[in-house]
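*Asks:* The chain contents come next:
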Amino acid sequence: MSVKILRGQLTSAEQTHTLGKRLGERLQAGDVVCLYGALGAGKTTLTQGIAAGLGVATWVNSPTFIFVTEHEGRVPLYHVDAYRLPVNDRDAARDIGLEELIGGAGVCVIEWAERVALLLPPERLDVRLEHTAEGRAATVEGFGERWVRLIEELSVSSGEQHTAQGG
Amino acid sequence: MNPLTHEPLNILGIETSCDETSVAVVRDGREILSNLVASQMDLHAKFGGVVPEVASRKHVELLNPVLHEALAEAQVGFDDVDAIAVTHGPGLIGSLLVGVCAAKALGYVHRKPVLPINHLEGHIYANFLVHEDIEFPFVCLIVSGGHTDLILMREHGIYEVLGRTRDDAAGEAFDKVARVLGLGFPGGPAIQKAAEGGNPHAIRFPRADMGATLDFSFAGLKTSVMRFMQGLPTPETRHLRASDVPLSDIAASFQQAVVDVLVRNLMSAAERFRVSTVALAGGVAANRCLRATATAAAHAAGLRLLIPPIALCTDNAAMIAEAGYFHFLRGERGDLDFDTFAVLPLLSPS
Numbered sequence: 548m549s550v551k552i553l554r555g556q557l558t559s560a561e562q563t564h565t566l567g568k569r570l571g572e573r574l575q576a577g578d579v580v581c582l583y584g585a586l587g588a589g590k591t592t593l594t595q596g597i598a599a600g601l602g603v604a605t606w607v608n609s610p611t612f613i614f615v616t617e618h619e620g621r622v623p624l625y626h627v628d629a630y631r632l633p634v635n636d637r638d639a640a641r642d643i644g645l646e647e648l649i650g651g652a653g654v655c656v657i658e659w660a661e662r663v664a665l666l667l668p669p670e671r672l673d674v675r676l677e678h679t680a681e682g683r684a685a686t687v688e689g690f691g692e693r694w695v696r697l698i699e700e701l702s703v704s705s706g707e708q709h710t711a712q713g714g
Numbered sequence: 111m112n113p114l115t116h117e118p119l120n121i122l123g124i125e126t127s128c129d130e131t132s133v134a135v136v137r138d139g140r141e142i143l144s145n146l147v148a149s150q151m152d153l154h155a156k157f158g159g160v161v162p163e164v165a166s167r168k169h170v171e172l173l174n175p176v177l178h179e180a181l182a183e184a185q186v187g188f189d190d191v192d193a194i195a196v197t198h199g200p201g202l203i204g205s206l207l208v209g210v211c212a213a214k215a216l217g218y219v220h221r222k223p224v225l226p227i228n229h230l231e232g233h234i235y236a237n238f239l240v241h242e243d244i245e246f247p248f249v250c251l252i253v254s255g256g257h258t259d260l261i262l263m264r265e266h267g268i269y270e271v272l273g274r275t276r277d278d279a280a281g282e283a284f285d286k287v288a289r290v291l292g293l294g295f296p297g298g299p300a301i302q303k304a305a306e307g308g309n310p311h312a313i314r315f316p317r318a319d320m321g322a323t324l325d326f327s328f329a330g331l332k333t334s335v336m337r338f339m340q341g342l343p344t345p346e347t348r349h350l351r352a353s354d355v356p357l358s359d360i361a362a363s364f365q366q367a368v369v370d371v372l373v374r375n376l377m378s379a380a381e382r383f384r385v386s387t388v389a390l391a392g393g394v395a396a397n398r399c400l401r402a403t404a405t406a407a408a409h410a411a412g413l414r415l416l417i418p419p420i421a422l423c424t425d426n427a428a429m430i431a432e433a434g435y436f437h438f439l440r441g442e443r444g445d446l447d448f449d450t451f452a453v454l455p456l457l458s459p460s
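Protein sequence lines correspond, in order, to chains A and B.
So for the first sequence, the numbering used here puts the first residue at 548; every next one is plus one.
So for the second sequence, the numbering used here puts the first residue at 111; every next one is plus one.
Think of the hints as simulated: they come from the structure by calculation, not from any bench.
Mixed in with the good hints, there may be bad ones.
Here's a subset of chain B near chain A, in silico, CB distances under 8 Å, partners left out [stated by the list, open to error]: (1) P162; (2) G256; (3) L342.
These stretches of chain A come out as covered by chain B in the derived footprint (C-beta under 8 Å, 3 or more residues) [as the list claims (entries may be wrong)]: (4) 563-574; (5) 579-589; (6) 647-653; (7) 694-700.
Note that the Cβ used here is the ideal one computed from N, Cα and C, for glycine as well.
Build the full structure now, drawing on both the sequences and the hints.
*Replies:* As structure tokens, then:
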């Protein structure tokens, strides 16, 4: 499968939001975007940006407590938070409806995706957010043709540095 | 009292919105005849999180024994029950369904009205269980693992949401930071314990300023704690290193930052809406630092502060029965067609 990586520095919450928004503008039903990163790395902010890009008008806050929230937008946004799910537990994931949400009628954004790593589809976008001395670093990694193209679009429109890998 | 028969009015409350199975009987909106709470906390701690499937199965297992014990302790039979009040949201759908199905079945069999209650409304009504003389309007801060809402209650059943969290709930921030600090679950009690004897002013973690709104945000605070623990620079903690600061100081400073924001907004709301009474509700209202800080601030501002006893702050069915009592007094008799909702805003009837 082809893979493409984009890296960039995010020096403010606004920049994280903007990255999400530009991503959200390009998303379509069935897309799966996985977010990784420590506490406070900006996963919810990025999701709020994605929601803005999808034209979601409702409030997007952390769904940790109830695992999944759904928002109406240009296409529906399923905001999943695996923080409280047991790691790679198929039954628990099924119980919150993850199987139907992935590849469903909306865009599925999964926070703490490492906790359901074995349950994720091979074609997806991974966004890693890290705390750095300057702020935050984002690594966007696309798996599959659609995501490679999307990353190319993103990097053309932003002029951010990126490295491409064949594979 | 039942306005028609002048007999005592007994409401059976059922609460299964998250990981507590609770059944209560409340008489005349004043007297808690029983309030049984079976917690699944230990079970979920074993899994390292709440497993929805496990939670709902556990509710199924626990509900009947808890129900029977609650009725026995109250010395009340179904003949003496006037209505059944049940939480129908917000919460975990699978868990809510267990309580709602039970309530509907009991209501159908025993021909009792079944009243769907918003869990948040229940939290506010915990205050009415202990105070008969609450003056409207008042502002209530509901703080729990899933919610941080500032509500203006104009009269029974009439609510206005003044502010809410833009990211994490306060209790959630406690849980997540507790995990980072290597403390246990649930985070609220763990951080409170770790903070004992700590200096709450050791580190000036950020207090989010949400401008003119009464909203809350804990993302920046969470980020600051995380960066501090990782040894990364933050504007607030530049000269300090995590390794040089005792854990009790870190926990106390974090706790104080959360509490300061909560109390600041509660007091601003009281001023803006010119109320003379403010109230706390929800699981985080059990936090001693919040109780003490709110008490001091209310005293300074000349406001009456209501705080339910700790057993009525955390999830329980007595507060649901209490809210149900006032619905019943307003003439609501419910039906069996209502649904359950994971997300259910607190709205006034239109």
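*Asks:* Does each hint fit the structure? Answer for all of them.
*Replies:* Structure-based check of all given hints:
no., hint, result
1, P162, "holds (5 Å)"
2, G256, "holds (3 Å)"
3, L342, "holds (5 Å)"
4, 563-574, "violated (count 0)"
5, 579-589, "holds (count 5)"
6, 647-653, "violated (count 0)"
7, 694-700, "violated (count 0)"
In this structure, the hints that do not hold are numbers 4, 6 and 7, in rising order.
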